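Peer 1: Starting from the known structure of chain R, fit chain Y onto it as the hints suggest.
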Amino acid sequence: MLREILTIALIAAAARAAGAAGPVIEVDTGGAEWIRPEEAFTLRLDPGAPDDGSRLAVVVGSTDVTDLFRRTPEGLEYRTDLRPLPPGESDLVVYRVEADGRWAELDRFRLQVLSERGFRSVETTPRLDLASQGLVDRGGDQEAEDRGLDDWTGQAVLDARLTRAAAEIDVDVQLQGATADEQALRFSELGPDAPSVDLASYSLAVRRGRGSFELGHLAWGSSRYLIDGFASRGAALTLPLWTGAEVGVAAVNGTSIVGWDNTLGLSDGDHQVLAGRFGAELLPARPGALQVGVTVLDGSLRPEASFLQGAVTDAEQSDGVGVDLHGATWAGRVRLDASWARSRFDNPFDAALAQGDDLVPVAEEERDARALDLEVDLLSDRPLGERFTTRWTLGYHHGLVEPQYRSVAAFVQADRRDDLVRLTGALGPAAVQLAHSRSRDNLDDVPSILTTRTRTDVASLSVPLAQLREGTGLWWPVVSYSWQRTHQKGDDVPVDSGFDPSHVPDQVSRSQGLGLDWSGAYWRFGYRFDGSDQDNRQPGRELADFETRVHSFSGGLSWTRVDLGLDLSEERGRNVERGERTTTRRYGLNGLWRTTERWGWNGSLSRSRSHTDPTAARNESWEGDLQTTYRLGPWGGTHGVSGQLYLRYSNTRFDASDPVFGFAERRRAWAIRSGLNLSLY
Amino acid sequence: MKLSATRRPILALTAWLAAGVLPGLAHGDISRDPNGVNVNSQGATTVFITFGGLQGQVPVEATWCGELVPAAPDLGMKCDPATVFGRLPIRFDQSRLAAGGGVFTDIMSIPPSVARRAYQAAVRGETSSFFYVRRFESTTGGPDEYVFVTCRMAGGGARVPLALLDVRIGFATGDAVAAVEVGEAPPSFEAEIAYNGTGRLQGRWEVVLPGDDPPASRDLLTEATLPPDERPLQRRYLAVERFNVFLPPTGRVTLTGPDPRRLPAEVEGLYQILLRVEASDDREADSNLAAADAGNGVVHSGAVAGFPLPTLRYFVGSMPGERGGDGRLVLLAPAEGATALADRPLDFSWTQVEGVLTYRLEIGRAGDPGSELLFSAVLQQGIGVYRAPPFVAARLADGPLRWRVVGVGPEGEEVTSSGWRTLRSATERSIERTDGS
Chain R
1 MLREILTIAL IAAAARAAGA AGPVIEVDTG GAEWIRPEEA FTLRLDPGAP DDGSRLAVVV
61 GSTDVTDLFR RTPEGLEYRT DLRPLPPGES DLVVYRVEAD GRWAELDRFR LQVLSERGFR
121 SVETTPRLDL ASQGLVDRGG DQEAEDRGLD DWTGQAVLDA RLTRAAAEID VDVQLQGATA
181 DEQALRFSEL GPDAPSVDLA SYSLAVRRGR GSFELGHLAW GSSRYLIDGF ASRGAALTLP
241 LWTGAEVGVA AVNGTSIVGW DNTLGLSDGD HQVLAGRFGA ELLPARPGAL QVGVTVLDGS
301 LRPEASFLQG AVTDAEQSDG VGVDLHGATW AGRVRLDASW ARSRFDNPFD AALAQGDDLV
361 PVAEEERDAR ALDLEVDLLS DRPLGERFTT RWTLGYHHGL VEPQYRSVAA FVQADRRDDL
421 VRLTGALGPA AVQLAHSRSR DNLDDVPSIL TTRTRTDVAS LSVPLAQLRE GTGLWWPVVS
481 YSWQRTHQKG DDVPVDSGFD PSHVPDQVSR SQGLGLDWSG AYWRFGYRFD GSDQDNRQPG
541 RELADFETRV HSFSGGLSWT RVDLGLDLSE ERGRNVERGE RTTTRRYGLN GLWRTTERWG
601 WNGSLSRSRS HTDPTAARNE SWEGDLQTTY RLGPWGGTHG VSGQLYLRYS NTRFDASDPV
661 FGFAERRRAW AIRSGLNLSL Y
Chain Y
1001 MKLSATRRPI LALTAWLAAG VLPGLAHGDI SRDPNGVNVN SQGATTVFIT FGGLQGQVPV
1061 EATWCGELVP AAPDLGMKCD PATVFGRLPI RFDQSRLAAG GGVFTDIMSI PPSVARRAYQ
1121 AAVRGETSSF FYVRRFESTT GGPDEYVFVT CRMAGGGARV PLALLDVRIG FATGDAVAAV
1181 EVGEAPPSFE AEIAYNGTGR LQGRWEVVLP GDDPPASRDL LTEATLPPDE RPLQRRYLAV
1241 ERFNVFLPPT GRVTLTGPDP RRLPAEVEGL YQILLRVEAS DDREADSNLA AADAGNGVVH
1301 SGAVAGFPLP TLRYFVGSMP GERGGDGRLV LLAPAEGATA LADRPLDFSW TQVEGVLTYR
1361 LEIGRAGDPG SELLFSAVLQ QGIGVYRAPP FVAARLADGP LRWRVVGVGP EGEEVTSSGW
1421 RTLRSATERS IERTDGS
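Heads up: the sequence lines are chains R and Y, in that order. Residue 432 in the numbering used here is what sits at position 432 of the first sequence, and the numbering runs on without skipping anything. Converting from the second sequence to the numbering used here requires adding 1000 to each position, the first position being numbered 1.
Since the hints were made in silico from the structure, they are not lab data. Owing to the predicted nature of the structure, the values given are computational and were not obtained by experimental measurement. Where is the CB? At the ideal position from N, CA and C, for every residue including glycine. Please note that a few of the clues may not be correct.
Label pairs and their calculated CB-CB ranges [stated by the list, open to error]:
1. Q1352/Y x P284/R: 29 to 35 Å
2. R585/R x L1373/Y: 42 to 48 Å
3. L1373/Y x Q355/R: 53 to 59 Å
4. R391/R x A1172/Y: 24 to 30 Å
5. L647/R x Q1352/Y: 36 to 42 Å
This is chain R alone, in the form it adopts within the complex (with noise of 0.2 Å):
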């Protein structure tokens, strides 16, 4: 094997634990700054470091490599003939283990490392996965159509990395089966045209240093009213220019699909997305003091939502350039982000929505966003008594999206403009917020539509008990309380628009949260309650208020074969208006029983209970499911075969009934399933 040995660096970096006593470590390499993975190397230590029981641990990168140290009278010396260096680059970091087994940090040194040529190393987690799924018996009052055992399910899966060099590749791909048309991952969308054995996701990512090229299921843009995030299907490719300056393109479908249609993403141009990116650190000696990015974008959609989406969907095509502007100074005491955008949108001809008729056309609008977030830090991590510190943050926020701004790539309310302060601090574990902001729409002031001001408070605040109290605080809960007020109401009646005062809202609403959560070594418990009030004034809708009022309670407990949760809520509902009460009811209670490292039972029985007075709308339901399971195998060795089987009673039971409008349902369900299931790694 030709190899090419590069080198390991070892870089002493200032870390020492801050007061942490320990021996003296200098790293020995022979003089050599540079060091070869099968070359040997001291950790030379002061030979008066006290006897107190305490050893030393030294980890490297992610793995601890202490025993293959051996203590020479010079300290401790690597054995490159155990194991080789790693390659690539990593922290060695030493460790005084203390006789109560806690870890101090000592010191910390820097190793860097390429090593040979061709792929350092090859991962791959190859996986065939088939289901089978039964009906042994059933009654009750079944709609559906039997299936018999030949129904199945299954996924392949691929997870593949390969390094070589400063090359990494990173594959996944993911294929979903099954026999039964309506499982199929597309049946949704095609019906029985699915096909039975289909594309879930696939990617491929190549990195190279601060480079890479990625293909398949991807997310990209980081412009917030332009492209941000947006996860499809395509490709993207980021350059590296100069010091801190990068320059990435992409094309990605109109949105996040599956399937074996479309394989790359980019073969439908009505409903894609172009986009490009150049960013730069502006003052590359300091890097995240200032950095700015430039994006620009041009797509169009068609009436499609993605295959994780339910929505509204339009024709829709936009063009538009944004910045941002990310800065930092004082040590990091003030951060400032501030973003722009300008987008040209308009709706292209929707066959679907004219359906004939000749629509009054769309006028193409170019409308702007922007955006100010500031955050300074009043205090930071200033001492608070001995064992806590405190922290506090102003926060300033200010937005503004023009109306009928719209961008194909970016989820963005228009017609708003908003303002926000926000303060958040810690007092030792106890986290605060309070935070009030104002908000407006019809910023075009058109006098025929609504305009809408909006007001809100919010205050929350966290506190571990357990954690304020020394010693032991089993019986201290995590207590977390939220409240919220929002204020919502419109200007004066618009004119010429069809409004009369009762349509103008004026409400007032306000919501609170409770949670306590306990937990100890074998059990956890947590008690929320989430109450709110809405408050219409508006002339015509001064009694169209609601209360409701949600307790909930949680318990677990857990042992090494055992497990048991169990859960209550009750909500209860008050339309002031109509005079109506609702309260619904939920007791669920569920368990596993790992009989055997094969051999395990689990089941759920839950019980929900809904009514509604003086309508006496009611509606009940149980739902009882237990499930035992089998596990066969392995067969083989790293590749192999392994199995399961199963059994599952369920029993349903559901009634229904409202004499106001005059329906009774009642129905009863059990079934028997059982299933063999086969994984081939």
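Peer 2: Below, chain Y alone, put in the same frame as chain R:
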């Protein structure tokens, strides 16, 4: 065709007639409720509407327009063909005609482009309100009847019916379908929801288990999208958790899913996570059946949606425990699926195998096989036990871990390996829910 500002007086008169006078003069027998709603001027709006009093009539198309004209010789007011903003696309048509034929439940989903047309007309000085006109065709040879609902342009907050406009469900990992190993928790997930109005968002997270009959399209609609007598017909699946959160009139909420450890994953196969949204009590979304001549009672339709909600899938496969091992190297402790405390010593032990020079203990995140290891340790032959540093045990607080041991030979080759075992925390806390505030 552009609307002209010179037509403004005519338009105003038309609107006045449509809103107040003509309904009493030129209508047929069909009534509706609500007969007017506030809508979002900058985006989509969805409204539950009941039409009653149908007599041998069936609904046909629905059209939005800026002006109405008399439909004579048919009944009612119909759209002025010169001011049509669009027709209800079939993809949003969730309407239902009752079995008796006398009541028609319509879900009006206004696409953003229709609101945009109306907004641009208002900017040009025309009246801002526009109309949704549903045509009903007689099955007995009688005249067609046109029934309209007035749409008043406002913001999307209070006084606009509570409706879901955009629902995106996803795993935190971004996977379209999550691959999970038996006994491991799927990735955390959430629903990002854009909505109009304000009120309570209530319902259940349910899971379709392997072998369950899959949900039909009706099961994927929010309850408020259905007429009251069809709501109890929605099929129910294993309920994992209820949610009931307040939506302020600000248009966005992120609904965090239940603790993923509560999702079933003991049986291999395909699972589907359903977001089941129940109808909530929202005054603006009410539909009064008596006012629509469709019976008695008020239908509460808060959280209506003009589309089926997406489902999230995860596939449980492979086997935990000794999967992948060759049987020569046996893990001793902790046991498969054991729980441990994040603040207690975490000891691992295994058997020794001849021909191995060093053992590599690998610890990674359970449920994410492709991810990098969190920690590893290399030990010489003859030891077979390792106590992990406290910061490794602390990682249990972030979720279950998995671990295995690999035997490495003198040339660096892998001589043997154990299978993976799962290790869980005994002190895991429940995931807090985000209520969008």
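Peer 1: Does each hint hold? Answer for all of them.
Peer 2: Results for each hint:
1. Q1352/Y x P284/R: 29 to 35 Å: With a Cβ separation near 54 Å, Q1352/Y and P284/R fall outside 29 to 35 Å, so the hint is violated.
2. R585/R x L1373/Y: 42 to 48 Å: About 46 Å separates the Cβ atoms of R585/R and L1373/Y, which means 42 to 48 Å holds.
3. L1373/Y x Q355/R: 53 to 59 Å: Hint holds: Cβ distance 58 Å, inside 53 to 59 Å.
4. R391/R x A1172/Y: 24 to 30 Å: Given range 24 to 30 Å: holds, Cβ gap about 27 Å.
5. L647/R x Q1352/Y: 36 to 42 Å: holds, 39 Å
In summary, the one numbered hint that this structure violates is 1.
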